[in-house]
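Protein chains: 2
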Amino acid sequence: MTTDLSAIIPTFAGGTIDRADQVRVNPERLKEAMMRPNARLLKLDGLSPVFDAAGDLAWAPLYEASPDNDLLLLGIDGDTPCFAELNGAGAAMPAADPRLWQSLGVLPPEQAAIYATARSLVDWHARHRFCANCGQPTESRKGGWARQCNKEEGGCGAEHFPRTDPVAIMLAECEGKILLGRQPRFPPKRFSALAGFIEPGESIEGGVARELWEEAGIKVRNVRYIASQPWPFPSSLMMACTSVTDDPTLTLDEEEIEEAAWFSLGEVKAAMNGDPEAPFIAPPPFAIAYNLLKNWVEEQEG
Amino acid sequence: MTTDLSAIIPTFAGGTIDRADQVRVNPERLKEAMMRPNARLLKLDGLSPVFDAAGDLAWAPLYEASPDNDLLLLGIDGDTPCFAELNGAGAAMPAADPRLWQSLGVLPPEQAAIYATARSLVDWHARHRFCANCGQPTESRKGGWARQCNKEEGGCGAEHFPRTDPVAIMLAECEGKILLGRQPRFPPKRFSALAGFIEPGESIEGGVARELWEEAGIKVRNVRYIASQPWPFPSSLMMACTSVTDDPTLTLDEEEIEEAAWFSLGEVKAAMNGDPEAPFIAPPPFAIAYNLLKNWVEEQEG
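Chains as they are written, first to last, in our numbering: chain D, 366 to 667; chain G, 366 to 667.
Simulated from the structure, these hints should not be mistaken for laboratory data. Check each hint, because a few of them may be wrong.
No copy is singled out in the list; a pair is fine if it fits within one copy or between any two copies.
Distance condition first, Cα-Cα at most 30 Å in a straight line; then the derived DSSO-like pairs of lysine-lysine [as the list claims (entries may be wrong)]:
#1 Lys-507 <-> Lys-634
#2 Lys-507 <-> Lys-542
#3 Lys-659 <-> Lys-584
#4 Lys-396 <-> Lys-584
#5 Lys-507 <-> Lys-584
#6 Lys-584 <-> Lys-634
Could you build all of it, start to finish, from the sequences and the hints given here?
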């Protein structure tokens, strides 16, 4: 991947490493990659990143991996096989550690993408040790990119793949203003784009329309896709969209949204610039909501 | 959802029913919906649709549901609560029954969307009866939109939600031609857009670039999202994109792609028109690959 892949590359979306799927699925080639003297291991503290003195992701020689842990092939960087340990760490909920957010905000795009991949997969393995089809234990396969239920030990043999949950995150536009909202868990004054999981039997565009109807009581048209971002808390694929409505009357779902309002171009710009007089605090730059707002401002000024 | 939601509405993407998430999550309201005299049940034969004499999806009164089966709230259509039975039918692989494909091709968009939702969820429940976290049995919750591991019977209490697996399906363009390929399982002469699952730690755009590199050996830039489609075989979200490459040299992954070639505007138009002289047979109209080709032809003809 290069920077001319798309106009907007959000944090975590800038991966360039060769994921080497043909090595993953070939036990001989996988073993050969593990044996290479330059093979390296991403250091993790549970699910959290570990940084070296320069503030980059820290790596160790692969032989430092615990013999008790399965290995995940993150990919091959140039000629360096890169692994992470399936260390059993799992978290059902997003991480709220402010230090994590700060450190991710300054990582180079390629490193943020590697951490996102490692975090999602380590977490997925920890929370999917059993077969959803028959209840028997499963084992890591394909260099950590699948789990399989063991037929020889009485299981059904089903193969399971890591989840990636598509989430729409969206603006609605009306009379030159955009809709932003506050979830109850947000820090004070923070407003962001509304969001929700895409459900079975639904397109991205249908999901955008449903979420805005359920959460804000507005009917939208002209849904337009802007950009996407992997979000490893725990395993979302964020898909940022805009839409248009003709009636700004809001009816909020107060369980999901504690406050929502329409903001003008000037108000959004003030918030993006960190102006203390701005009527709200913008989402942080590593969230795709930030890219979505920035893109809207640029389109207005274009 | 209305037809002005987006420029392209592929088959299965045209849902308009109110999914009524506030009813799903409220046991009292859910019970009230089940008790309404007009509540109705989508007829299914395993995972296959059942049609009435007019060729529409067939419905029965809700009391015809088996008392042994949990119910799935598909949504509320006007004031009619619509359910399906979690009948235990599951299939790990796409359905290949030509009669199914024919019948889906002529269903009105709203009905195709309801069938897609029902099929994905009935299948998901059948193949996820156990907790992936602890191996204990799980139970349907929230009107069929979740399963929960039962803490009182020794489980861990984890809640599980239906999977929706994002898949990129893409064209690459080079010198006025587009790349199409054949999977070994395709009928003779059929060519279609290449496709693959988006992986953890990857954007849609990154997934498009990776798939085209892995399967066809080309490096692309300028990935552009076109449209999306729920695809219930078993639970994909298809996201159709275009991209551009400067070097048409192909290196195929022959496990995935048995043949691939660049086709001109005239050749694609001939195939879309069903011309017997066309160099390939186009994908069927209910596949988003068809919408992707149609959109490309329209863009070329401006």
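Structure-based check of all given hints:
When the C-alpha separation of Lys-507 and Lys-634 is checked against a cutoff of 30 Å, the pair qualifies neither within a copy, at 47 Å, nor between copies, at 41 Å. For the homomeric pair Lys-507 and Lys-542, neither the shortest alpha-carbon distance inside one copy (49 Å) nor that between copies (36 Å) is at most 30 Å. In the homo-oligomer, the alpha carbons of Lys-659 and Lys-584 lie at most 30 Å apart both inside one protomer (24 Å) and across protomers (28 Å), since each shortest distance falls under that limit. In this homomeric assembly, Lys-396 and Lys-584 come within 30 Å of each other (Cα to Cα) only across copies, at 28 Å, whereas the closest approach inside a single copy is 54 Å.
In this assembly of identical chains, the alpha carbons of Lys-507 and Lys-584 lie at most 30 Å apart only when taken from different copies (25 Å versus 45 Å within one copy). In this homomeric assembly, Lys-584 and Lys-634 come within 30 Å of each other (Cα to Cα) only inside a single copy, at 26 Å, whereas the closest approach across copies is 37 Å.
The structure fails hints 1, 2 (numbered hints given earlier, in ascending order).
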